[in-house]
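Participant: With the hints as extra help, turn the sequences into a complete structure.
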Amino acid sequence: MSTTTIRKLTMARAISEAIAQEMDRDPSVMVWGEDVGAYGGIFGATQGLYQQFGHDRVIDTPISESGFIGAAVGASTEGLRPIVELMFVDFFGVAMDQIYNQLAKNHYMSGGSVSHPVVLMTAIGGGYSDAAQHSQTLYSLFAHVPGLKVVVPSNAYDAKGLMVSAIRDDNPVMYFFHKGLLGLGWMPSDDWAEVHVPEESYEVPFGKARVAGEGTDISVITIGAMVPKAARVREQLQQEGISVEVIDLRTLVPLDKQAIVDTVKKTHRVLIVDEDYRSFGMSGEVAAILAEDALDYLEFPVKRLAVPDIPIPYSRVLEQATIPSADKIAQTIRGMMD
Amino acid sequence: MDSYADMYRMMCLIRFYENRMAEVYAEGKSPLFSIAAGPVPGEMHLAAGQEPVAVGVIRHLRRDDVVTAPHRPHHFAIAKGIDLRRMTAEIFGRTAGLSHGKGGHMHLFDPAVHFSCSGIVGAGFPPAVGAAFAFRRQHRDSVAVAFAGEGAANQGTFHESLNLAALWKAPVIFVIEDNHYAISVPKEQSTAIANNSDRAQAYGIPGVFVRGNDVLAVSEAASEAVARARAGKGPTLLEIETTRFYGHFQGDAETYLGAEEKEKWRQSDPIPQFRDYLLAHHLLTPDDDAAIQTEVAELVEDAIAYARQSPEPQPADALTDVFAPSLGGK
Ligand SMILES: Cc1ncc(C[n+]2csc(CCOP(=O)(O)OP(=O)(O)O)c2C)c(N)n1
Ligand SMILES: [Mg+2]
Numbered sequence: 031m032s033t034t035t036i037r038k039l040t041m042a043r044a045i046s047e048a049i050a051q052e053m054d055r056d057p058s059v060m061v062w063g064e065d066v067g068a069y070g071g072i073f074g075a076t077q078g079l080y081q082q083f084g085h086d087r088v089i090d091t092p093i094s095e096s097g098f099i100g101a102a103v104g105a106s107t108e109g110l111r112p113i114v115e116l117m118f119v120d121f122f123g124v125a126m127d128q129i130y131n132q133l134a135k136n137h138y139m140s141g142g143s144v145s146h147p148v149v150l151m152t153a154i155g156g157g158y159s160d161a162a163q164h165s166q167t168l169y170s171l172f173a174h175v176p177g178l179k180v181v182v183p184s185n186a187y188d189a190k191g192l193m194v195s196a197i198r199d200d201n202p203v204m205y206f207f208h209k210g211l212l213g214l215g216w217m218p219s220d221d222w223a224e225v226h227v228p229e230e231s232y233e234v235p236f237g238k239a240r241v242a243g244e245g246t247d248i249s250v251i252t253i254g255a256m257v258p259k260a261a262r263v264r265e266q267l268q269q270e271g272i273s274v275e276v277i278d279l280r281t282l283v284p285l286d287k288q289a290i291v292d293t294v295k296k297t298h299r300v301l302i303v304d305e306d307y308r309s310f311g312m313s314g315e316v317a318a319i320l321a322e323d324a325l326d327y328l329e330f331p332v333k334r335l336a337v338p339d340i341p342i343p344y345s346r347v348l349e350q351a352t353i354p355s356a357d358k359i360a361q362t363i364r365g366m367m368d
Numbered sequence: 002m003d004s005y006a007d008m009y010r011m012m013c014l015i016r017f018y019e020n021r022m023a024e025v026y027a028e029g030k031s032p033l034f035s036i037a038a039g040p041v042p043g044e045m046h047l048a049a050g051q052e053p054v055a056v057g058v059i060r061h062l063r064r065d066d067v068v069t070a071p072h073r074p075h076h077f078a079i080a081k082g083i084d085l086r087r088m089t090a091e092i093f094g095r096t097a098g099l100s101h102g103k104g105g106h107m108h109l110f111d112p113a114v115h116f117s118c119s120g121i122v123g124a125g126f127p128p129a130v131g132a133a134f135a136f137r138r139q140h141r142d143s144v145a146v147a148f149a150g151e152g153a154a155n156q157g158t159f160h161e162s163l164n165l166a167a168l169w170k171a172p173v174i175f176v177i178e179d180n181h182y183a184i185s186v187p188k189e190q191s192t193a194i195a196n197n198s199d200r201a202q203a204y205g206i207p208g209v210f211v212r213g214n215d216v217l218a219v220s221e222a223a224s225e226a227v228a229r230a231r232a233g234k235g236p237t238l239l240e241i242e243t244t245r246f247y248g249h250f251q252g253d254a255e256t257y258l259g260a261e262e263k264e265k266w267r268q269s270d271p272i273p274q275f276r277d278y279l280l281a282h283h284l285l286t287p288d289d290d291a292a293i294q295t296e297v298a299e300l301v302e303d304a305i306a307y308a309r310q311s312p313e314p315q316p317a318d319a320l321t322d323v324f325a326p327s328l329g330g331k
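Each protein sequence line maps, in turn, to chains A and B.
First residue of the first sequence: 31, per my numbering; consecutive thereafter.
First residue of the second sequence: 2, per my numbering; consecutive thereafter.
All clues given are correct.
Mimicking DSBU-like on lysine-lysine, the simulated pairs with C-alpha atoms at most 30 Å apart in a straight line are:
(1) A:Lys-38 <-> B:Lys-30
(2) A:Lys-358 <-> B:Lys-30
(3) A:Lys-238 <-> A:Lys-333
By construction, these hints were calculated from the structure, which means they are not laboratory data.
Being a predicted model, the structure only gives us computed values, none of them experimental.
Facilitator: This is the structure we're talking about:
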């Protein structure tokens, strides 16, 4: 029976499958970026697409991010639905004008007459000593700019459904996949993300957080690669008699504020965990929502675990001290329970 | 300026370093390759095969001349005279490293020899123009050289920098090392014209393409470019044909490359070619060569040993160096 057949996919496979099915359905969907063709994307997000759809629809670009991301702005107003890969999010710097002044704002500035159905997908995250220019997450930076939807899957099921939604959305969608969740053989990868993925196409809607594990004592609100870490800590702390609820936000824009309020109503304690920089980002935003809409339900000050405001260091020791670890999450939770 | 034998020695030092780094980097990564395992953290981009670019150009530079380099930086760093021990310790992520483990292999900084590099493709062009601008402004006769791959020549910073340098008559030399590939993408699939050096014309500056991965030809072209810059006559663009002996990064399966192409590159190794030339012209004896091989091996092994025995940083060290003490303007 199909409902009981488990079909585990890596997140990389789930993403490329979503793209392939949408390309099949809609000839206006195209892919371009660096090494997305025969190579299949440095992180495998476009694997098999070149072989299936050819170089007409899956295009290796020069290293000209401002040019080829900007090209998606114009192409999308003239009938194409481009999926553009920015190899690492860290490289956005050379192309940011096209992203935040053009792609993000044209719909508004045109009074709604111009739209950009563009998916800009990019790799995020550290944990393998790639240092300050190749290890950032930065999704909050894009969430800060009005006009961009921001999607950060934590597992293969969500990755496929969120990608399908992203492609069908008529707005620019920033789609962030974490390198440590993709199931790549050559990089440490959390197999928590490798879950059952239905073969048929489906959407996971934006703005709907997921309870990744129920609990009653404290809520961990998080996203991306911190979700599996929090889920593991949840299991560990269960044995210590602490019941942790894990909220996977799944998208930052739109943000599921209701889920944030609902969980604190239940647990009255919140730890926000983020792999992005601490200040002026996701963790601060969630804390602000709690202050605005849920202060009465809080029995303990909100705590945050995030990258302290330093660039990601190269050395293993330094990097491990920088990115929130399962140990630190567990420790912080214990400290919030007395 | 270095003698031919010195150039040869420098090429051998770089080659030995890169080959040993390939071995050291592979430690702890078998049978299954993992980027996060072994004594050397992170990514590794090696420049074996590309020695003529670094040595042919940098032999014309002084200690006070600036070099900016890309993500594949070792050959430039070594030729520029970077502290080999501290560079290696940095690649190992140790406290004795140039940046105490904060930078790593793509982010080497040695202000003592005016060397820096970046992991962002195309990032080195504008800072080189700025350094050259500073030299002019301060009436110093130093020059700046920006090295980058042929893939980087499609980045906006390349074109903006060429125009800016030409406009400002900045004493800067842009050196494109054309190793035919940018990761998996061959030059003819990324670049609308055959030679990036032709792009110099559009900015009103000289552009020279150097064929054959030949260190003497590189040196000749660079000699003119550096002299021109030092004399205040403005920038030059050089493009140098070369070959990449290893994959884009260590662990790259190179599925995009034909075995014959790779073999052809290896066949035309610039080091034995240069050695044969020097031997034939009595500029080097077999004994000299043997002494050079011993010496470079010692230097490299010493640097690796130095790196291995240097302590790992302490976790709290991560929090320092975000801001300078800020006394400069006072
Ligand atoms: C702005 C930016 N885009 C993309 C990359 C990823 N990347 C790193 S090296 C590289 C290829 C560079 O090719 P080339 O300039 O020819 O240098 P080579 O690697 O051949 O020495 C790419 C695409 C990057 N580091 N920075
Ligand atoms: Mg190249």
